[in-house]
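Novice: Sequence:
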Amino acid sequence: MISTAITILFGHAVSMLVTFTAYKLKFRVTLAHWIVNWVLGAIGAVAANELLFKQFGPVIFGQTILPMLAGSIVLPGVGSWIVSRLQTKK
1 MISTAITILF GHAVSMLVTF TAYKLKFRVT LAHWIVNWVL GAIGAVAANE
51 LLFKQFGPVI FGQTILPMLA GSIVLPGVGS WIVSRLQTKK
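According to the numbering used here, the sequence shown holds residues 1 to 90 in order.
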């Protein structure tokens, strides 16, 4: 239970950091991007950690960092791309 909470917090932190970086680099970041990235960051981190648990990478608090990092960046990236495409179709 606590390990899932740590994974969710890690996913939130990484996805919000990536979204903030995109915002500071002058990419078009809307409220929809923030919400989608916040949700998908947590889902991606949990999914990657559960599917690739203890397979590879450094471990902190019993959680593998590389799969969580990849999941919390890739899934929100796909979500942001979809949000951007849906917003430009209007």
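Don't read these hints as lab results, they were simulated from the structure. Just so you know, these numbers come straight off a predicted model, no measurement behind them. Hints are not guaranteed to be accurate.
[Unchecked claim] Now the in silico label distances, taken between C-beta atoms and shown as ranges:
#	residue 1	residue 2	range
1	Leu25	Phe56	24 to 32 Å
2	Thr88	Ser3	36 to 44 Å
3	Ser3	Thr30	15 to 23 Å
4	Met16	Ile82	17 to 25 Å
5	Val78	Leu31	34 to 42 Å
6	Phe61	Ile82	12 to 20 Å
No residue lacks a Cβ here, since even glycine has one placed at the ideal position from N, Cα and C.
Novice: Does each hint hold? Answer for all of them.
Specialist: Here is how each hint holds up against the structure:
1. A hinted range of 24 to 32 Å for the beta carbons of Leu25 and Phe56 is consistent with their spacing of about 30 Å.
2. Our hint of 36 to 44 Å for Thr88 and Ser3 holds, since their Cβ atoms are close to 39 Å apart.
3. Take Ser3 and Thr30: their Cβ atoms lie about 33 Å apart, and the range 15 to 23 Å is violated.
4. Between Met16 and Ile82 the beta carbon distance is about 18 Å. The supplied range of 17 to 25 Å therefore holds.
5. The hinted window of 34 to 42 Å between Val78 and Leu31 is violated, with their beta carbons roughly 18 Å apart.
6. Distance hint check for Phe61 and Ile82: the Cβ-Cβ separation is about 32 Å, which falls outside the suggested range of 12 to 20 Å.
Violation of the numbered hints given earlier is confined to hints 3, 5 and 6; the remaining hints are satisfied by the structure.
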